Amino acid sequence: MNRLDKLFANKNNILNIYTTAGYPKLNDTIEVVTRLAEAGVDMVEIGLPFSDPLADGPTIQNSNSIAIKNGITLDIIFEQIKEIRKTVQIPILLMGYLNQLLNYGVSNFIKKAAEVGVDGLIIPDMPIDYYCSNYKALFIRNNIQMSFLITPQTSIKRIEAIAIESTAFLYVVSSYAITGNNHSINQTQIKYLNKIKKLELKTPQLIGFGIHSKETFTSACSYANGAIIGSAFIKALEDQDTIKNKVNNFIKKLKQ
Amino acid sequence: MNYTVNNKGFYGDFGGAFIPEMLHHNINELKENYLGIITSDSFQKEYKSLLKDYVGRPTPLFFAKNLSKKYNCTIYLKREDLNHTGAHKINNTIGQILLAKKMGKTRIIAETGAGQHGVATATVCALMNLKCIVYMGEVDIERQAPNVARMKMLGAEVRPASSGSKTLKDATNEAIRDWIANPVDTYYLIGSVVGPHPYPDMVARFQAIISEEMQQQLLVKTGKKNPDKIIACVGGGSNAAGAFYHYLNTASVQLIAVEADGLGVHTSKSAATTQLGSEGIIHGSKTILMQNKEGQITEPYSISAGLDYPGIGPLHAHLFKSSRAQFIGVTDQEALKAAYLITQKEGIIPALESAHAIAALEKISFKPKECVVVNLSGRGDKDMKTYSTYLK
Ligand SMILES: Cc1ncc(COP(=O)(O)O)c(C=O)c1O
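Quick mapping for you: the protein sequence lines, in order, are chains G and W.
In terms of numbering that gives the first Met the number 0, the first sequence opens at residue 0 and continues consecutively.
In terms of numbering that gives the first Met the number 0, the second sequence opens at residue 0 and continues consecutively.
Isolated chain G (complex conformation) (with noise of 0.2 Å):
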């Protein structure tokens, strides 16, 4: 069994953070992801740094660009992944913008993914129609999962055709919003994450887009497989500390 398969088979309460690549500095990603490891967090997804990530707020927005301006290149981060693959065992997953694989190739970008150690993707301007009849068999050959969004707005009868393309997790965006949104999960949220679980999809499901806190965090748990955090961790990278405690005292607060 790969490691999504064998994660979401064994446990619940997921915690899934998201980094930007090259960030604060060119090579921290090798630290970061290593840390978040050994604090135990269950999987990582890496965001590609990229000029105009639309689906994103400001605060990631701000680390893609900072990451550019470091000099990260597609290459550069596959060398990163490598290396952490040395001793780190958890899924990675790769985030990232259509433009991008293209530009690079899709074909070698899958290869070159799967051959240093890549679990999944998340490629938010993907059309899962142009998905299925361009790259799924590529995918699949290569053992790369992918997870689709899912948002309160998509019908039922979309979010099954979703949910069986999404062969990592289902991305359920909690919200009307971009990511980096700093609020409870309110009333509105409830019953659309209700609705979903009343669906009782095969997909494992993560939550995303607004978890920024324990509460948050084990709120969402309750009506998924776990949760992903992006702005808030990358907000705690911008301390003035070492990688080591920046990364444990995040995830202590979530943990305790």
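Take the hints with a grain of salt, since some may be wrong.
Unchecked claim - The calculated BS3-like cross-link candidates involving lysine-lysine, where the alpha carbons are at most 30 Å apart (straight line), are:
| # | chain 1 | residue 1 | chain 2 | residue 2 |
| --- | --- | --- | --- | --- |
| 1 | G | K68 | W | K165 |
| 2 | W | K30 | G | K194 |
| 3 | G | K190 | W | K104 |
| 4 | G | K243 | G | K213 |
| 5 | G | K135 | W | K384 |
| 6 | W | K51 | G | K156 |
| 7 | G | K68 | W | K268 |
| 8 | G | K234 | W | K165 |
| 9 | W | K384 | W | K362 |
| 10 | W | K100 | G | K156 |
| 11 | G | K111 | W | K384 |
| 12 | W | K384 | G | K24 |
| 13 | W | K7 | G | K110 |
| 14 | G | K110 | W | K292 |
| 15 | G | K81 | G | K243 |
| 16 | W | K51 | G | K81 |
| 17 | G | K68 | G | K196 |
| 18 | W | K30 | G | K135 |
| 19 | G | K156 | W | K7 |
| 20 | W | K223 | W | K51 |
| 21 | G | K156 | W | K268 |
| 22 | G | K197 | G | K234 |
| 23 | W | K344 | W | K64 |
| 24 | W | K30 | G | K190 |
| 25 | W | K7 | G | K135 |
| 26 | W | K292 | G | K68 |
| 27 | W | K151 | G | K24 |
| 28 | W | K223 | W | K68 |
| 29 | W | K44 | W | K100 |
| 30 | G | K156 | W | K362 |
| 31 | G | K213 | G | K254 |
| 32 | G | K194 | W | K104 |
| 33 | G | K5 | G | K196 |
| 34 | G | K85 | W | K101 |
| 35 | W | K320 | G | K135 |
| 36 | W | K100 | G | K24 |
No lab work stands behind these hints, which were simulated from the structure alone.
No experiment lies behind these values; they were computed from the predicted model shown.
On the provided structure of chain G, position chain W with the ligand as indicated by the hints.
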């Protein structure tokens, strides 16, 4: 060759809707409804009536005697500068605001570069009593100040975009993010033939009035509805799409699209997309765009805020790749020179964008009897600060 969009939203290899799931519902709703609504008799009646009595259409097709003499051919100017609000942009905003109302939307957002689309959006929102928010790059807020003042007086809120090059691309990103965060009540009123399907097709249809009138006016003035050449500037490509639209399948009419070379294509300061770009995805559309070898979108540059965009609409990418249209580049200096030329020869102060189309006349060889239409997309009031600096 087919130049209309197919049922998947593609022009040849270009187009589509590469959008995050958060926009799927809205884009799909638009895709399912736009043709039914905008081709209906009642919609067309209201649209045409507003174009006539509010916008002031048809715009004149003016025989530019002095320019014709200089270039030794017959040059007509399609006077989109004489539209209400001063550019072609309002042809599109009238259409989309009627559509937004029919779809029950109450909050309108838009992006703007030169501010002409922002003003045209703020104008129709005032007319229809709808809330209006316009995203504009900080650099453009500075260089197109008169249009910022107009938008504010019209009751719109102008929100600065401060990321990237702080121009049109970044304003578009912010508008898309706003729509993601406000999908229920909000309508995104895009200003050019860019963005995910069905926007490029819809905006082209609303701008098609330009070539529809051109055909009738040429027939009256010359006895033939076809010119030999049509010249238009391309930012995202809406005025060009409108000027080309009814001639796309008439191979004898040469279509000439003019891009902004900025300081020159061999400098790092340019917006000449077809010369410097490659295939990729920008703002939800597969097209040609300026990007580096990592697929990071390049920050473009042009003196003209409306042409300062690193992509072109998918229709234009298709016209370029299929060689149906010829693409020409014009630098800042050439555009400024052309602006003074047409001002002093014809008494028309053009927008800096439109001045690029005029400048292309220098770069084309004409046969003596050739009939040429230049689409004069807008007037130059907004650019007086730049023009007077140049004069000094
Ligand atoms: C007068 C004028 N012409 C041309 C343009 C370029 O846009 P498009 O290529 O969509 O016509 C603009 C954009 O702001 C404009 O204001």
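Results for each hint:
Between K68/G and K165/W, the direct Cα distance comes to roughly 17 Å. Compliance with the 30 Å bound is thereby established for this hinted pair. With a C-alpha separation of about 27 Å, the suggested pairing of K30/W with K194/G holds against the 30 Å cut-off. Taking the CA atoms of K190/G and K104/W, the gap is about 24 Å. The hint holds against a cut of 30 Å. For the suggested pair K243/G and K213/G, the alpha carbons sit about 20 Å apart, so the restraint of at most 30 Å is met.
Distance hint between K135/G and K384/W is unfulfilled; the C-alpha atoms sit about 54 Å from each other, more than 30 Å. With a CA separation close to 45 Å, the supplied pair K51/W and K156/G exceeds the 30 Å bound. Of the supplied pair hints, the one linking K68/G and K268/W holds, its CA atoms being roughly 19 Å apart against a limit of 30 Å. Between K234/G and K165/W the alpha-carbon distance is near 23 Å, which keeps this suggested pair within the 30 Å criterion.
Restraint check for K384/W and K362/W: satisfied, since their Cα atoms lie roughly 27 Å apart, inside the 30 Å limit. Distance hint between K100/W and K156/G is fulfilled; the C-alpha atoms sit about 28 Å from each other, no more than 30 Å. For the hint linking K111/G to K384/W, the alpha-carbon distance of about 52 Å lies beyond 30 Å, and the restraint is violated. Restraint check for K384/W and K24/G: the C-alpha separation of about 42 Å exceeds 30 Å, so the hint is violated.
Among the hinted pairs, K7/W with K110/G is consistent with the structure: their alpha-carbon atoms are about 29 Å apart, no more than 30 Å. Taking the CA atoms of K110/G and K292/W, the gap is about 19 Å. The hint holds against a cut of 30 Å. Our distance criterion of 30 Å between C-alpha atoms is met by K81/G and K243/G, whose separation comes to about 20 Å. For the hint pairing K51/W with K81/G, the CA-to-CA distance comes to about 65 Å; that exceeds 30 Å, so the pair is violated.
A threshold of 30 Å between alpha carbons decides the hint, and for K68/G with K196/G the separation of about 42 Å lies outside it, so the pair is violated. Of the pairs offered as hints, the one joining K30/W and K135/G holds, with about 25 Å between alpha carbons and a cut-off of 30 Å not exceeded. Annotation: proposed proximity of K156/G to K7/W holds, straight-line Cα distance about 20 Å (limit 30 Å). Note on K223/W and K51/W: the hinted pairing holds, with a Cα-Cα distance of about 24 Å set against a maximum of 30 Å.
Proximity of K156/G to K268/W is assessed by CA-CA distance (about 48 Å); at most 30 Å being required, the pair is judged violated. Restraint check for K197/G and K234/G: not satisfied, since their Cα atoms lie roughly 34 Å apart, outside the 30 Å limit. At roughly 9 Å between alpha-carbon atoms, K344/W and K64/W fall within 30 Å of each other, so this suggested pair holds. Simply put, K30/W and K190/G have alpha-carbon atoms about 28 Å apart, close enough for the 30 Å limit, and the pair holds.
Between the alpha carbons of K7/W and K135/G the distance comes to roughly 19 Å, so the proposed pair stays at or under 30 Å and holds. In summary, the hint linking K292/W to K68/G is supported, as the alpha carbons are separated by about 15 Å, within the 30 Å threshold. Distance check on the hinted pair: K151/W and K24/G sit about 42 Å apart at the alpha-carbon level, beyond 30 Å; violated. The straight-line distance between the Cα atoms of K223/W and K68/W is roughly 21 Å, inside the 30 Å bound, and the hint therefore holds.
With a C-alpha separation of about 15 Å, the suggested pairing of K44/W with K100/W holds against the 30 Å cut-off. Between K156/G and K362/W the alpha-carbon distance is near 56 Å, which puts this suggested pair outside the 30 Å criterion. Our distance criterion of 30 Å between C-alpha atoms is met by K213/G and K254/G, whose separation comes to about 7 Å. Straight-line distance between C-alpha atoms of K194/G and K104/W comes to about 26 Å, which keeps the hinted pair within the 30 Å bound.
At roughly 21 Å between alpha-carbon atoms, K5/G and K196/G fall within 30 Å of each other, so this suggested pair holds. Under the criterion of a C-alpha separation no larger than 30 Å, the hint pairing K85/G with K101/W is inconsistent with the structure, at around 59 Å. Using a Cα cut-off of 30 Å, the hinted pair K320/W and K135/G holds, with the two alpha carbons roughly 28 Å apart. Restraint check for K100/W and K24/G: the C-alpha separation of about 49 Å exceeds 30 Å, so the hint is violated.
Comparing the model with each earlier hint shows violations of hints 5, 6, 11, 12, 16, 17, 21, 22, 27, 30, 34, 36; every other hint is respected.
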